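Order-wise, the sequence lines are chains A and B. Here the first sequence is numbered in numbering that gives the first Met the number 0, starting from 0 and rising by one per residue. Here the second sequence is numbered in numbering that gives the first Met the number 0, starting from 0 and rising by one per residue.
Heads up, a few of these hints could be off.
Copies of the same chain look alike in the list, so a pair counts if it works inside one copy or between any two.
Below are the BS3-like pairs computed for lysine-lysine, each with C-alpha atoms no more than 30 angstroms apart in a straight line [unchecked claim]:
(1) Lys170 / Lys1
(2) Lys212 / Lys57
(3) Lys79 / Lys187
(4) Lys201 / Lys187
(5) Lys187 / Lys170
(6) Lys71 / Lys201
(7) Lys187 / Lys57
Worth flagging that the hints you see were computed from the coordinates, not collected in a lab. Note that the coordinates shown come from a computational prediction; the quantities given were computed from them, not determined experimentally.
Protein chains: 2
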Amino acid sequence: MKGILYGVGVGPGDPELMTLKACRLIRENEVIAFPGQSPERSAAYRIAAEAVPEIADKTLLALDMPMTMDRKILGASHDKAADRICAFLSRGENVLFLTLGDVSIYSTFGYLQERVERAGFEARLVSGIPSFAAAAARLGTSLVSGRDQLHIYPAGLPEGAPAEGTVVIMKAGSHLGQIRRQLRESGKEAMLVENCGMAGEKIYNSVEEMPDKAGYFSLLIVNDEAEGK
Amino acid sequence: MKGILYGVGVGPGDPELMTLKACRLIRENEVIAFPGQSPERSAAYRIAAEAVPEIADKTLLALDMPMTMDRKILGASHDKAADRICAFLSRGENVLFLTLGDVSIYSTFGYLQERVERAGFEARLVSGIPSFAAAAARLGTSLVSGRDQLHIYPAGLPEGAPAEGTVVIMKAGSHLGQIRRQLRESGKEAMLVENCGMAGEKIYNSVEEMPDKAGYFSLLIVNDEAEGK
């Protein structure tokens, strides 16, 4: 029998935000993969290890996935990672791939899933808490209620973004200068959480307070409701 | 000392998708509130009870919150629920309010939080898995990757919705006829999950397959990526 690849969201940082299912799957399976050059340098691994310490005794697969926009380098790293995973699947062993936040939202898992399914194996997804949900909880605010719309952007704030509803900008750190200018022009207020639930967590409650540059895990919320409070 | 109100997301239906934190808070606290006329008739309570059976021995507060758009009836029910919660908080007891999915996304918790904070008490939010993340996992598909945008609408598909990215329509059941017409006109494909992770779960993989009406917990995903697969 072939093994199954599980993409498992470990949530945004706080190990207690892991699901019962993620913890059970880690306990029940032997091969644990994650993005990173080593377990210590993988945020997803470190979160899981705090919730399930016995993970350290498993077969650990550190999959080097460089953060680059170069499609060729990216493709090659995904190919190599998928090959390493398939080697276990073909021997009948399940592989868990741990990923930050939720597995369906801006995760590298999709690239691995595509390749592993093409090679004839089954992949399953296990949800995790998305970073924007945790950031809203940390700020003590609802994102949306009633008839509000929720718009989520991966990095900057695009021109012509819908004026209605709540806007979340993930990985806003390197685009903050421009985003702050755009928000000032439209007269909107926003909040920023850097490293939500991780070491070095910082909260900024207004556009004025925010720096023009922040870390990679910076999440910005433009929330009409929060302003009204 | 005053008690604290915790808004706790219990996820979309599968009790294993509850977080470690939600389970711990239920075990550690005595007063558990939830929307519904009785524990048996509350989806949020039933999910929590499957994961933490000892909840049945706690002080249970069934808060009747009618599903209506009448602002006066809604406001009165939120006032009454908040009053019942504040009675415990003022005696120094914490209250957990269980809510389906995530607490910051289309939850009634925000209305209670507002009132409870106005009365001088503290409220905290504890994230849960949002239904759209679980629906994507159930369908085995990513929602967004790379530079995709994610747009979430509470009920129907508004005219002039952004053409780019992935669109999620929550509670699509009663609007399905119109949504199907809109999707056919724009030539887009979509998938529907009814009662994700609950009894009576149904999956529709195309606009053609879908009925014109489905249950309250119906979630539709218009995903350019999924089409390409």
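State the violated hints by number, sorted upward, taking the hints as numbered earlier in the document.
Hints 1, 2, 3, 6 and 7 are the ones this structure does not satisfy, whereas the remaining hints hold.
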